[in-house]
Each structure stands twice: as C-alpha cells, then as structure tokens.
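Keeping their order, the protein sequence lines are chains A and B. Residue numbers for the first sequence follow the UniProt record's numbering, beginning at 1 and rising by one. Residue numbers for the second sequence follow the UniProt record's numbering, beginning at 1 and rising by one.
No lab work stands behind these hints: they were computed from the structure. Remember, predicted model here, so these are calculated numbers, not experimental data. Just to be clear, a hint being listed does not mean it is correct.
Stated by the list, open to error - Listed below are the simulated BS3-like cross-link pairs for lysine-lysine, each with C-alpha atoms no more than 30 Å apart in a straight line:
id, chain 1, residue 1, chain 2, residue 2
1, B, Lys84, B, Lys108
2, A, Lys265, A, Lys135
3, A, Lys265, A, Lys173
4, A, Lys428, A, Lys563
5, B, Lys131, A, Lys514
6, A, Lys103, A, Lys514
7, A, Lys173, A, Lys427
8, B, Lys108, A, Lys135
9, A, Lys46, A, Lys173
10, B, Lys118, A, Lys108
11, A, Lys206, A, Lys135
12, B, Lys84, B, Lys131
13, A, Lys108, A, Lys135
14, A, Lys233, B, Lys118
15, A, Lys243, A, Lys206
16, A, Lys514, B, Lys84
17, A, Lys413, A, Lys428
18, A, Lys413, A, Lys427
19, A, Lys206, A, Lys275
20, A, Lys275, A, Lys265
21, A, Lys103, B, Lys120
22, B, Lys131, B, Lys120
23, A, Lys135, B, Lys131
24, A, Lys514, B, Lys118
Unchecked claim - Label-pair restraints from in silico Cβ distances:
id, chain 1, residue 1, chain 2, residue 2, range
25, B, Tyr129, A, Leu394, 56 to 64 Å
26, A, Ser227, B, Asp142, 23 to 31 Å
27, B, Gly148, A, Ala266, 34 to 42 Å
28, B, Tyr79, A, Leu284, 30 to 38 Å
29, A, Leu394, B, Thr45, 51 to 59 Å
30, B, Asp3, A, Glu47, 51 to 59 Å
31, B, Gly117, A, Phe40, 35 to 43 Å
32, B, Leu80, A, Ala266, 52 to 60 Å
33, A, Ala266, B, Thr45, 51 to 59 Å
34, B, Leu80, A, Phe40, 51 to 59 Å
35, A, Arg69, B, Gly148, 30 to 38 Å
36, A, Gly523, B, Gln18, 20 to 28 Å
37, B, Phe56, A, Phe458, 53 to 61 Å
As the list claims (entries may be wrong) - Residues from chain B that face chain A, not an exhaustive set, calculated with beta carbons under 7 Å:
id, residue
38, Gln18
39, Ser25
40, Cys30
Ideal Cβ placement from N, Cα and C applies to all residues, glycine included.
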Amino acid sequence: MVLKAFFPTCCASADSGLLIGRWVPEQSSAVVLAVVHFPFIPIQVKELLAQVQQASQVGVAVLGTWCHRRQEPEESLGHFLEGLGAIFSHEPWLQLCRERDSKFWSCKATYQQVPTSPGAHSEDQVMLIFYDQRKVLLSQLHPPAALPDHQAGDATASACGLAAVFDTVSRSKALFRSDQFDEGLVRLSHWQSEGVEASILVELAKQASGPVCLLLACLLSFISAASTCRVFKLWPLSFIWSKLSTCEQLRHRLEQLTLIFSTQKAENPSQLMRKANMLVSVLLDVALGLALLSWLHRKDRIGQLADALVPVADRVAEELQHLLQWLMGAPAGLKMNRALDQVLGRFFLYHIHLWISYIHLMSPFIERILWHVGLSACLGLTVALSILSDIIALLTFHIYCFYVYGARLYCLKICGLSSLWRLFRGKKWNVLRQRVDSCSYDLDQLFIGTLLFTVLVFLLPTTALYYLVFTLLRLLVVTVQGLIHLLVDLINSLPLYALGLRLCRPYRLAAGVKFRVLEHEAGRPLRLLMQINPLPYNRVVHTYRLPSCGCHPKHSWGSLCRKLFFGELIYPWRQRGDKQD
Amino acid sequence: MEDELSFSDIYGGRLALQRRYYSPSCREFCLSCPRLSLRSLTSVTCTVWLAAYGLFTLCENSMILSAAIFITLLGLLGYLHFVKIDQETLLIIDSLGIQLTSSYASGKESTTFIEMGKVKDVIINEAIYMKVIYYLCILLNDPADPHGISQVVPVFQDCLTAVTLPWRASLWCSSCLLLDGDHGICTD
C-alpha cells in the first residue's frame, strides 16, 4: 500500500524539527499532529509523549523528521536529522523536506528491518495529504463511525478509514494546550501555537451557566410538581386538560425546558446539539410571541378583535340557519321525507338558538378574556397558536355536536339496514363464529323485518344528506385546526441551531471529506488537499429534528373513507396518553 | 499527462472525455456534457412570454407580465443551479478511495468520496433503453453481510444518456482498472 502522510497546513511554514503523531498500520497512514523544534532534550520529548498518550488514549509517537531549508542547504542539519532516527526509532521513519521557494516537497520513508518479500523496496512511495487541523478538530462526522468492539469505558481510538484521522486529531487536545508563549520544556508547532483560542463571552457564559441552571432547574421542578398535584386529577378538570391542545403544548415546552436546564452535562455531541436546538427553538418561539403581543396591543387591536368576534359568531349561526332551512325544503332538487326532515331541522335550529344565546351572554366578558389570553403569547408563539386552535374548537362546538348527532343517527341506520338486509335474504350474523350464517325465520319475523327495512331505506336519503352536510362542515373545521397544528409542529421540531451551524460554520457538520490534487511534478510525491464536505441541508434537518408532540392522525386515507361511510366518529388526533379505541 | 477524446450522445451533443494521469497512484477522468443550447433557451422563454401576453390580453392585468419575467428568471437560475450538469469527474486515488464530483452550470460542485474500505467492486452494467447502454458502477460493501451489497453507485450518471461502443472500449481497455484483494489499485 502507498504510505499516506497526513500533514497539518499550519505546520507547512514551521522550522525544522521532529514530527509527532500517530501511525495507523492497517491503513499504512501517518497522522502528523505537531512539530517539535530544536533545541530539545530527547528524554523530555518522550515524557511529553507518554503524558499525552495517557491523557488521550492515542498512541502518539515520533514519526520522523521535518526539514524546512530556509537558507542555503545545510549539510550538517541533514546528517543531524538522520542521526535522530537512531534515538527515536519508529517503523517506518519519515523524512519530509521542503526547499526554500519551492512548492514541491520531498518525502522518504525508510524501513529499518529488511522486508521479508524479495524484490520489495526499502523506500516506499509516499503520498502527502494536507489537512486543516482546526477544522478537523472541530468537525463531527455523520454518521458517527461505529467502532467494531466498542464498550462503555473502552476509549481507544478507532482505526477504520478516514474516521481514524478525525478521531486522532479530536482526541489529542492535550497536545494542543501549550502555545509558543508558554515557558515549557518542549517547543511545539500546531494550530494553536500562535496562541490558544478562547472567547471571553463563552468563558463568562460557562461560569454563569452553573448557578443559572441550578436556579431554573429548581423553579421548573417546582412548577412541574405543582402541575401534578391532586387537584388537577379530578374528573372534569383532567378531561378538559387532556382535550385542550394548549395544555399539551405547555407540557411539551416544560419538558424541553427541564431538559435544557438540567444540571447534568451532555454526554455526547448529539445530546449537546439537541439541547442547543431546543434552546434556540424556545428563544425564537418567545421572540415571535413577544412580537405578536406588541402587534396586538398596538392600536387597540384586541378591542377590535373582541368587537368583531360576536358579529362573526352571529353570522356563522345565521348561515347555518339558512343551510338548515334549505335542507328542510328541497335541497338540490331532492325530495326529502317531510316529517323526518322537519323533526331534524327543528332540533338543530333549536340548538343553534341556544348557542347564540350563550354567545350573547358571554359578550361583555369577551374583551377581558381576550386580553388575558393575548398575554399568554409571551410564553411563545406556539402557545398563542394552540390557544387560537382551542378557541376555534370552542366556537364551533355546535358544529361538532351536530356532526356527532348526524353520525350517530346515520350509524344506527346503517347498522339496522345491514342486519335487516341480511334478514331479507334469510341470513343472520353469527357472533360466535364471526360470520354470516343462514337462518330460518318465522313468517311474522320476516314480515316485520321487511317492513322496517323498507321504512329505513326510504328514510336513508334524508339522514344521509344531513350526515353529509355536517360531516363536511366538521372536516372544514378539522382542516383549519390541522393547519394550525402543523405550523406549531414545524416551530417545535425544526432544528434551527443545526441549520444555523450549517450555514455559518459548515465544517462543523461533516458528511465526509473531499480531495483536491495540488500541483504535481514528476518524480515528486503526490500532494493532495483534504477538505471537509459539509452535510446537505435536508440531511441536517433529518438527523437533528426534535421530537414533536406526536399528535398526528394515525389513519390512512382508506380507513378514513371507510369510517366516514359507516358513520363511525373520527377523532382527528389522539393526544398523548389517551387510550386507543 | 493528459489526453482528450470526444464522442457524441444520441441527441447529437458533444461529449468530451479528458484523462489525467497524475502519478502511478492517482488518475482522473473528466467527462464534459453538452452545454445549454441557445435555441432551447430562446424557445422556452418565447413560449412562456407568449402565454403570459395571451393571458394579459384576456385579463388586462400587468402583474401577469411581471410574474412571467420572475418565473422565467427563477426557473433559469434554478435549472442552472440544480439541474444542468456541466462536467463530471472521477478521481481515483490508490488505497484512499474514489471521488465523484459533479459541477453544475452555475458553478456549484457536489462531491462524494467513497473510501476504499467500502468499495466492493467496480463493474460495467448494461441497461436496455431503445438499445443497450453500458455504464460504470461502483458496488459498496454491506457492513452487516460480508457477501452482500449495500448500494450500487452509477458513475457519470447525468452526463451519459447513451454510450457508444468506442467509449466503452476506450474506458475499459486503454486504462484497465483492477481492484486487487488488498484494496489497492494497480493500473497497466
């Protein structure tokens, strides 16, 4: 195999010295981490390597020599560098050399031991691969390389493919801690040798985050304890809480905040990313909510909204009344059964009258209620949208009631029709065997059964029409609520921090690497530049999306149509914790 | 060392293949697709604008014309950035891996690097579309199943709409690529 030497671009202009790094024999590749400059004492270099090896579990060793000839070629330096191979023995021993004003490097790899196979050369051809040490250190490969026999606590570096390079560099942080201004015994050159990178804001935030997290964690645990107290478990309240989507959203946010401000540190990078995504999502939510709040309170928009609400409810009720009058007449030219039509129509009209009376009773208090509800927007835009969805559900409660009445009536009719149809054909449903069996009926059973069957068949169009109309209205309301929930889900689950990172620091999220062949001269080793290939946006969203409330409809289109045909009630979404039907 | 061959696809467009030999362990094959023709661009633009003008004479709303201009511009930008591929490159580096790069007409480059450890084999596949088309594929290992294949990656899939026999002979015979058991590449 061709020998690959991974060389950091920051060391390309460093003075001559020793190369320190890790040798991966399976890949026949040498990952150079730093350059040790003259003067040095070999014992101290070996001590430093032992310290780094212990701290990072990476097999760091002296790989060879680096010669940067700035002035006229120095013969003595050349011999001195060759002599170093005797002090720090490594198999193979690399010798990298760069001439002044030359882009082309020379590399030699010598093996001390004589190779067993005859005809093999003692000098192997070497391929130089340059990499940006800072970017490789900070980046994270997706998918994370699965170590073949990784157990909890086993922390040796991986050896498969290019993940080995990334792993080696990211584990060797102990080597990069000293810079050129330190009074250390050994002088190193690496990406931080110009000065260790740090940010005052980040350090301050780290110091402040401890007590702030503790305080907020106590507050949040107090709130969660209060919300699980016994008062809220009583029957009417617990039923209402489970139906309102606002409570669901508040619970979800509370869980997220508890996770963000927990005093436990994140164990791995994916947990850290999840925490960061949640925090950014919550902050954006609150910012949008505050913007909405300021817009609502400007120019007394809440008053305008409250003034408009009662006329809108009146208008909806009026339209419904017109619809019922139309159904009670001859809708679309169909002839309804007069008596049933009148009964159903009057029944629903009376309901609407009751509903309008309640709305008019509430009208003095609406502005006050809306004002307080508007304040809740400071908890987040998602909370405000959930409240809007709940208000729509409450205002269209009469449509929901009509739908339930129509569906139940229709369902009863369909059940009756199917069993009487079986009687008409001389069959019956065997509950024990769960199948249709033949049965001999008496004459009077057949007579009554057929009579009832005819009655139901002729009443079917009326009931079916009412059912159809109210189901369509209900589906319209459900669609509007569904769109609002979709928007809430989007805000909840979009990983904004990961997307921002991909936009501003694309090397942090790496899908892989890419190589570029640098200028090449015959007889010289091949030089490649390794760059980070960032993760595409759709994979970022897919990998880092946050879990949402989970209130998605569980029916397929086929089962939905089936339920509609047979008059079974459809519940568009099940809240978490509801029992399955 | 560089040389260039040119072929034509079934629509008469000109395909150019450039082969670069950097070193015994590194080779590059670069296939350039036919460029965007002025004739097709003009015809599409004229169709869209004539349709918009027809709608404008019906509706007397000048927003339609502005909308048509926006649609044409955005459509052209989208086509150049996401659809139209200028050239595709295959870079083979001994014992490192194989890199596939597609450069779009707007300058965007999308690169995939497949490590040598993941490559199981390189094969020529036949597809029948009006006539027999040959295309090069890379088979990837399945980590769960040592004899299985997890993915088939076709090479040059956007440039080649039809491959003629001289192209196949040129690629396969003049620079024979073989994978040996140690996952190195030797060329002859």
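Evaluation of the provided hints:
Pair hint B/Lys84 plus B/Lys108 holds up; C-alpha atoms about 10 Å apart against a cutoff of 30 Å. In summary, the hint linking A/Lys265 to A/Lys135 is supported, as the alpha carbons are separated by about 24 Å, within the 30 Å threshold. Of the pairs offered as hints, the one joining A/Lys265 and A/Lys173 holds, with about 19 Å between alpha carbons and a cut-off of 30 Å not exceeded. For the hint linking A/Lys428 to A/Lys563, the alpha-carbon distance of about 23 Å falls within 30 Å, and the restraint holds.
For the hint pairing B/Lys131 with A/Lys514, the CA-to-CA distance comes to about 36 Å; that exceeds 30 Å, so the pair is violated. About 21 Å separates the Cα atoms of A/Lys103 and A/Lys514, which keeps this hinted pair within 30 Å; it holds. A threshold of 30 Å between alpha carbons decides the hint, and for A/Lys173 with A/Lys427 the separation of about 81 Å lies outside it, so the pair is violated. Note on B/Lys108 and A/Lys135: the hinted pairing holds, with a Cα-Cα distance of about 22 Å set against a maximum of 30 Å.
Our distance criterion of 30 Å between C-alpha atoms is met by A/Lys46 and A/Lys173, whose separation comes to about 18 Å. Taken as a hint, the B/Lys118 and A/Lys108 pair is honoured in the structure, with Cα atoms around 29 Å apart against an allowance of 30 Å. This hinted pair checks out: A/Lys206 and A/Lys135 have alpha carbons roughly 23 Å apart, not beyond 30 Å. Proximity of B/Lys84 to B/Lys131 is assessed by CA-CA distance (about 25 Å); at most 30 Å being required, the pair is judged to hold.
For the proposed pair A/Lys108 and A/Lys135, the alpha carbon gap of about 28 Å is at most 30 Å, so the pair holds. Simply put, A/Lys233 and B/Lys118 have alpha-carbon atoms about 57 Å apart, too far for the 30 Å limit, and the pair is violated. For the proposed pair A/Lys243 and A/Lys206, the alpha carbon gap of about 41 Å is over 30 Å, so the pair is violated. Of the supplied pair hints, the one linking A/Lys514 and B/Lys84 holds, its CA atoms being roughly 22 Å apart against a limit of 30 Å.
Using a Cα cut-off of 30 Å, the hinted pair A/Lys413 and A/Lys428 holds, with the two alpha carbons roughly 17 Å apart. This hinted pair checks out: A/Lys413 and A/Lys427 have alpha carbons roughly 19 Å apart, not beyond 30 Å. A C-alpha spacing of about 15 Å is found between A/Lys206 and A/Lys275, which places the hinted pair at or below 30 Å, so the restraint holds. For the proposed pair A/Lys275 and A/Lys265, the alpha carbon gap of about 10 Å is at most 30 Å, so the pair holds.
Restraint check for A/Lys103 and B/Lys120: the C-alpha separation of about 36 Å exceeds 30 Å, so the hint is violated. Only pairs whose Cα atoms come within 30 Å are accepted, and B/Lys131 paired with B/Lys120 is accepted, the gap being roughly 28 Å. A C-alpha spacing of about 48 Å is found between A/Lys135 and B/Lys131, which places the hinted pair above 30 Å, so the restraint is violated. With a C-alpha separation of about 16 Å, the suggested pairing of A/Lys514 with B/Lys118 holds against the 30 Å cut-off.
For the pair B/Tyr129 and A/Leu394, the beta carbons lie near 60 Å from each other, so the given range of 56 to 64 Å is met. Our hint of 23 to 31 Å for A/Ser227 and B/Asp142 is violated, since their Cβ atoms are close to 49 Å apart. Between B/Gly148 and A/Ala266 the C-beta distance comes to about 36 Å, which sits within the given range of 34 to 42 Å. Judged by the Cβ atoms, the range 30 to 38 Å given for B/Tyr79 and A/Leu284 holds: they are separated by roughly 33 Å.
Distance hint check for A/Leu394 and B/Thr45: the Cβ-Cβ separation is about 53 Å, which falls inside the suggested range of 51 to 59 Å. For the pair B/Asp3 and A/Glu47, the supplied restraint of 51 to 59 Å holds, since their beta-carbon distance comes to about 55 Å. Take B/Gly117 and A/Phe40: their Cβ atoms lie about 37 Å apart, and the range 35 to 43 Å holds. Distance hint check: the CB atoms of B/Leu80 and A/Ala266 are about 42 Å apart, inconsistent with the given range 52 to 60 Å.
Separation of A/Ala266 from B/Thr45 is about 54 Å and conforms to the stated range, judged on CB atoms against 51 to 59 Å. Under the hint 51 to 59 Å, the C-beta atoms of B/Leu80 and A/Phe40, about 56 Å apart, fit the expected range. Against the hinted window of 30 to 38 Å, the Cβ-Cβ separation of A/Arg69 and B/Gly148 comes to about 52 Å, which falls outside the hint. A hinted range of 20 to 28 Å for the beta carbons of A/Gly523 and B/Gln18 is consistent with their spacing of about 23 Å.
In this structure the hint that B/Phe56 and A/Phe458 lie 53 to 61 Å apart at CB holds, the actual value being about 56 Å. Checking B/Gln18 against chain A by beta carbon gives a least distance of about 14 Å; that is not within 7 Å, so the hint is violated. Below 7 Å, beta-carbon pairs count as interface contacts, and B/Ser25 has one with chain A at about 5 Å; its hint therefore holds. The criterion of a C-beta within 7 Å of any C-beta in chain A is not met by B/Cys30, whose closest approach is roughly 12 Å, and the hint is violated.
Of the numbered hints stated above, those contradicted by the structure are hints 5, 7, 14, 15, 21, 23, 26, 32, 35, 38, 40, listed in ascending order.
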